[in-house]
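Numbering (this note's numbering), first residue to last: 531 to 806.
Keep in mind that the hints were calculated from the coordinates and are not lab data.
Note that beta-carbon positions come from the ideal geometry of N, C-alpha and C, so glycine has one too.
Treat the hints loosely; a few may be bogus.
Only pairs whose alpha carbons sit at most 27 angstroms apart, straight line, appear in this in silico DSSO-like list of lysine-lysine [said to hold, decoys possible]:
{"#": "1", "residue 1": "K546", "residue 2": "K628"}
{"#": "2", "residue 1": "K533", "residue 2": "K626"}
{"#": "3", "residue 1": "K652", "residue 2": "K626"}
{"#": "4", "residue 1": "K532", "residue 2": "K612"}
{"#": "5", "residue 1": "K582", "residue 2": "K623"}
{"#": "6", "residue 1": "K763", "residue 2": "K546"}
{"#": "7", "residue 1": "K612", "residue 2": "K623"}
{"#": "8", "residue 1": "K582", "residue 2": "K626"}
{"#": "9", "residue 1": "K546", "residue 2": "K532"}
{"#": "10", "residue 1": "K612", "residue 2": "K647"}
{"#": "11", "residue 1": "K652", "residue 2": "K763"}
{"#": "12", "residue 1": "K533", "residue 2": "K546"}
{"#": "13", "residue 1": "K628", "residue 2": "K533"}
{"#": "14", "residue 1": "K612", "residue 2": "K628"}
{"#": "15", "residue 1": "K647", "residue 2": "K763"}
{"#": "16", "residue 1": "K628", "residue 2": "K532"}
Cβ-Cβ distance ranges computed for the label pairs, FRET-style [to be verified]:
{"#": "17", "residue 1": "I593", "residue 2": "W534", "range": "19 to 27 angstroms"}
{"#": "18", "residue 1": "S794", "residue 2": "E693", "range": "20 to 28 angstroms"}
{"#": "19", "residue 1": "T704", "residue 2": "M558", "range": "46 to 54 angstroms"}
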Amino acid sequence: MKKWFAVIGDPIEHSKSPAMHNAWFEEMSIDATYIPVHVSSENLESAVAGLKTLGASGWNITIPHKTAIIPYLDELDELADKMGAVNTVVRTKEGKLKGYNTDGVGFVRSLEEAVGKSHKNKPVLLIGAGGAARGIAFAMQQQGYTNLTIANRTVANAQAIVEEMGIGTAISLTEAEETLTDFGILVQMTSAGLATGNFSMPFSLERLTEGAIVADIVYNPLMTPFLQAAEEKGATVVTGLGMFVHQGAIAFEHWLSEYPNTNSMIAHLKVQLGGY
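My request is simple: use the sequences and hints to build the entire structure.
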């Protein structure tokens with residue numbers, strides 16, 4: 531019987547997940563399909579029931595449902611539970627719905643694919659304290675990055691994540707700008723990267739150390755203004771495309787127990803997004 535998967539969100543038209551997963555199915559000769567489903571917040575509960583009734587083997591969740599979906603699931607993976615957010619649902623053999631979050635681990639894999647695994651002792655500055663920041667902070671801690679500082683406009687939100695992790699420091703964006711020389715890795719996780727004409731940097735990168743590693747989780751555009759500014763200062767930049775592909779690949783593995791080819795997919799999407 532043919533398996534089918536989906537991604538739900540609002541909006542959903544922009545998602546590149548269907549093209550990515552369907553390309554992997556074809557490449558790996560898997561009899562399955564993956565479709566985008568527009569789901570508004572008021573219809574989330576009935577949408578989850580519908581996906582289950584119609585026999586979906588699993589699905590991804592994007593904005594704005596990553597937290598709201600939790601009450602409609604039967605169980606959560608440990609990391610998803612800690613993060614309070616789910617981006618992947620697996621229908622188990624018993625018919626239960628289990629939630630995972632592959633965003634944070636997907637980011638760490640993409641970072642280490644780009645710069646290797648020898649930077650775990652470097653001081654890391656995480657910029658932002660929203661859902662994405664929370665996921666990446668917990669995943670980096672889990673993967674052995676222990677020197678973490680979270681900078682946010684509202685310091686209390688950063689402090690809440692630090693207290694939950696049991697390690698790290700919370701600072702303001704102003705403090706982050708003033709102490710940039712202290713950090714070897716920067717991760718830009720605010721929604722600023724999504725803006726176009728009215729983009730505003732979280733803070734100036736004037737004090738950025740040459741040779742620092744700077745990542746942005748936004749993948750479209752590949753080179754965000756933040757990454758462009760970092761590159762001009764001599765930093766090694768890591769785009770958000772690798773995170774997008776690896777979070778999808780980890781979801782794929784949860785569903786089908788196989789890890790797809792991420793290198794060819796990153797290369798393919800790079801061309802689609804204008805290359806870099």
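Practice task
Quick one: which hint numbers does this structure break? Sort them smallest to largest.
Solution key: Of the numbered hints, 3, 4, 6, 18 do not hold.
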